[in-house]
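Protein chains: 2
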Amino acid sequence: MTSDPYHREIYPLLVVISGPSGVGKDAVRKRMQERGCPFHFVVTATDRPQRPGEVHGKDYFFVSTAEFDRMLANGELLEHALVYGQHKGIPKAQVRQALASGQDVIMRVDVQGAATIRRLVPEAVLIFLMPSSEEELIRRLRRRRTEDPAALQTRIAFAREELKWLPEFDYVVVNRESKLDDTVDQIMAIITAEKCRVNPRKIEL
Amino acid sequence: MTSDPYHREIYPLLVVISGPSGVGKDAVRKRMQERGCPFHFVVTATDRPQRPGEVHGKDYFFVSTAEFDRMLANGELLEHALVYGQHKGIPKAQVRQALASGQDVIMRVDVQGAATIRRLVPEAVLIFLMPSSEEELIRRLRRRRTEDPAALQTRIAFAREELKWLPEFDYVVVNRESKLDDTVDQIMAIITAEKCRVNPRKIEL
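These protein sequences, in sequence, are chains A and B. Heads up: the first sequence begins at 911 in my numbering, then just goes up one per residue. Heads up: the second sequence begins at 911 in my numbering, then just goes up one per residue.
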């Protein structure tokens, strides 16, 4: 291959931000959006009820379970999961359109969903958000909805299992609760570096 | 491998900054040093005469040709080159010591030297500085020492050959003359991203 080195082709990236439950994936995504990072942030479809303050089409696409099932049956979802009795899924068309327009796409999915995306889209950039310690992870899980000690233990055990998926990922970024901007800086650096690769990733979707 | 995910090992990096003659490798290195980037910048040994303003042990180690030959014969140089009748070489012990102390090492070598380092140290991070256009490269070459049109043509032809080594590199950063800080930002991003790799590079030297 002797293509003109002065005119390298650049392809948009598909960046998957994942990590165990409670690590703060949503907080990271929100901070990225607040900082005006110029990416397409995928809006996930879900059949769970809309919570106060949540905006349809921004936080999630809130759909009925019947509508979700229809999307799933029609192959409209790149990836989907049933988490605590609620469905979530990544609309494939949305991702395709953003990539086709040349935008980098950021999606936030759980650890197993990231592994699914790795199989479907080997050239995706997989970033694993890591809590700084198990103590911090437990603190975060405790703050969320979970007062029942048995349920908390289940979530902790589940998060431990999720950590085992780390080797499937490209990058790991420690997300310290008090240092959200450091986390975002590192994700931005990863994206910049990926754009400098001599052998760029080309997404086929 | 089931190592503790909360205690990942981090290894110092060996970063090679290269690119065709005239692209501005020294200017990039100097700007990185001015910005206080916390790396060990390798000081190259050379037998060329010290120029006014150059500091021994900072810009170069200025040695006699006999001393250079002795270092070479003793295997003290990681890489060496004869460029326009002058020897340059990377002292191996200096690199080893910096890495052993946990410092990231930055070295600036010509394109063929970078290819040599790739063979000797496969885990080195190779960054290719790219001129923004052939016109800019020619402008830069013209400013340097070369008034003789035939010599300039030789240098241009040589730089064109050097561009062919690009596929051997990991990353390419376009070095626009008026945007030196952008170049440094991208190099810093590459180093940050490399430190986030799930499978870190481990330098054996």
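These aren't lab readings, by the way, just hints derived from the structure by calculation. Values in this document were obtained by computation on a predicted structure and should not be read as measured data. Take the hints with a grain of salt, since some may be wrong.
One copy or two, either will do: identical chains are not told apart, so a pair holds if it fits within one copy or between any two.
[Claimed, not checked] Calculated lysine-lysine pairs in the DSSO-like style (CA-CA distance at most 30 Å, straight line):
(1) Lys1002 / Lys1089
(2) Lys935 / Lys998
(3) Lys940 / Lys1105
(4) Lys1074 / Lys1105
(5) Lys935 / Lys1105
(6) Lys1112 / Lys1074
(7) Lys1105 / Lys1089
Going through the hints against the structure:
{"no.": "1", "hint": "Lys1002 / Lys1089", "result": "neither (32 Å within a copy, 38 Å between copies)"}
{"no.": "2", "hint": "Lys935 / Lys998", "result": "within (15 Å within a copy, 49 Å between copies)"}
{"no.": "3", "hint": "Lys940 / Lys1105", "result": "both (23 Å within a copy, 24 Å between copies)"}
{"no.": "4", "hint": "Lys1074 / Lys1105", "result": "both (28 Å within a copy, 20 Å between copies)"}
{"no.": "5", "hint": "Lys935 / Lys1105", "result": "both (23 Å within a copy, 20 Å between copies)"}
{"no.": "6", "hint": "Lys1112 / Lys1074", "result": "both (27 Å within a copy, 22 Å between copies)"}
{"no.": "7", "hint": "Lys1105 / Lys1089", "result": "both (25 Å within a copy, 18 Å between copies)"}
This entry does not satisfy hint 1, going by the numbered hints stated previously; all others are met.
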